[in-house]
Amino acid sequence: DTAVSQTPKYLVTQMGNDKSIKCEQNLGHDTMYWYKQDSKKFLKIMFSYNNKELIINETVPNRFSPKSPDKAHLNLHINSLELGDSAVYFCASSQDQLAGYGEQYFGPGTRLTVT
Amino acid sequence: AQTVTQSQPEMSVQEAETVTLSCTYDTSENNYYLFWYKQPPSRQMILVIRQEAYKQQNATENRFSVNFQKAAKSFSLKISDSQLGDTAMYFCAFMKPSFSGNTPLVFGKGTRLSVIA
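Protein chains in written order, with our numbering: chain A, 1 to 115; chain B, 1 to 117.
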């Protein structure tokens, strides 16, 4: 069974389009994250949700909007896609730190290419 | 804000040899967690090893071990008996503990390791 899954794994689209990436975890974790990995492989946090509530919102353009319908799902919607949005987007989840190390489990990533 | 520095963009090692990847970090926190993640060409992020800052004993996981020097803020990864499957990007990561939900990982820029047959 896949612990953290993302769909789609590859996404090719044109500038100006709107697209969504879905993430689901079956680990029973309370916290979920979206990270962006740029072309130089640098990973940076975008958003963090704890029990469906937004905890962290880094300096990300308003065109990016996360949505968490329940604590097992965290989706990422991107409006008006730009060339600079091309990257790999990773979803991750973790258990409450008080219950463990808080180590994060990552999904397989979604490679977004904007043309 | 915390920062993580990996000063070796690329490294290579012969199969069966030992290699050490460097990582330093900057923080004013006294308690925190440190991790090494591996990202093979499949791009999956895989946890290799973790260390709690309050533990003096260095973590070990099979062929992987760390040298944690808290005063020097150094957290290097040693891979013994390197195997071809160890070829990957390796990321050092820092996490600050929180009692109000988890905090995100702060990553270094990564070291690309190539194991040569």
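FYI, nobody ran anything at the bench for these hints, they're computed from the structure. Hints are not guaranteed to be accurate.
List time: in silico DSS-like cross-link candidates among lysine-lysine, alpha-carbon distance up to 25 Å [unchecked claim]:
#, chain 1, residue 1, chain 2, residue 2
1, A, LYS41, B, LYS78
2, A, LYS71, B, LYS73
3, A, LYS40, B, LYS55
4, A, LYS44, B, LYS73
5, A, LYS36, B, LYS55
6, A, LYS44, A, LYS67
7, A, LYS41, B, LYS96
8, A, LYS41, A, LYS71
9, A, LYS52, B, LYS109
10, B, LYS73, A, LYS9
11, A, LYS9, A, LYS19
12, B, LYS109, A, LYS41
13, A, LYS36, B, LYS96
14, A, LYS41, B, LYS73
15, A, LYS44, B, LYS109
Checked hints:
no., hint, in the structure
1, A:LYS41 <-> B:LYS78, "holds (22 Å)"
2, A:LYS71 <-> B:LYS73, "violated (35 Å)"
3, A:LYS40 <-> B:LYS55, "violated (33 Å)"
4, A:LYS44 <-> B:LYS73, "holds (21 Å)"
5, A:LYS36 <-> B:LYS55, "violated (31 Å)"
6, A:LYS44 <-> A:LYS67, "holds (19 Å)"
7, A:LYS41 <-> B:LYS96, "holds (22 Å)"
8, A:LYS41 <-> A:LYS71, "violated (28 Å)"
9, A:LYS52 <-> B:LYS109, "violated (30 Å)"
10, B:LYS73 <-> A:LYS9, "violated (37 Å)"
11, A:LYS9 <-> A:LYS19, "holds (13 Å)"
12, B:LYS109 <-> A:LYS41, "holds (7 Å)"
13, A:LYS36 <-> B:LYS96, "holds (20 Å)"
14, A:LYS41 <-> B:LYS73, "holds (23 Å)"
15, A:LYS44 <-> B:LYS109, "holds (10 Å)"
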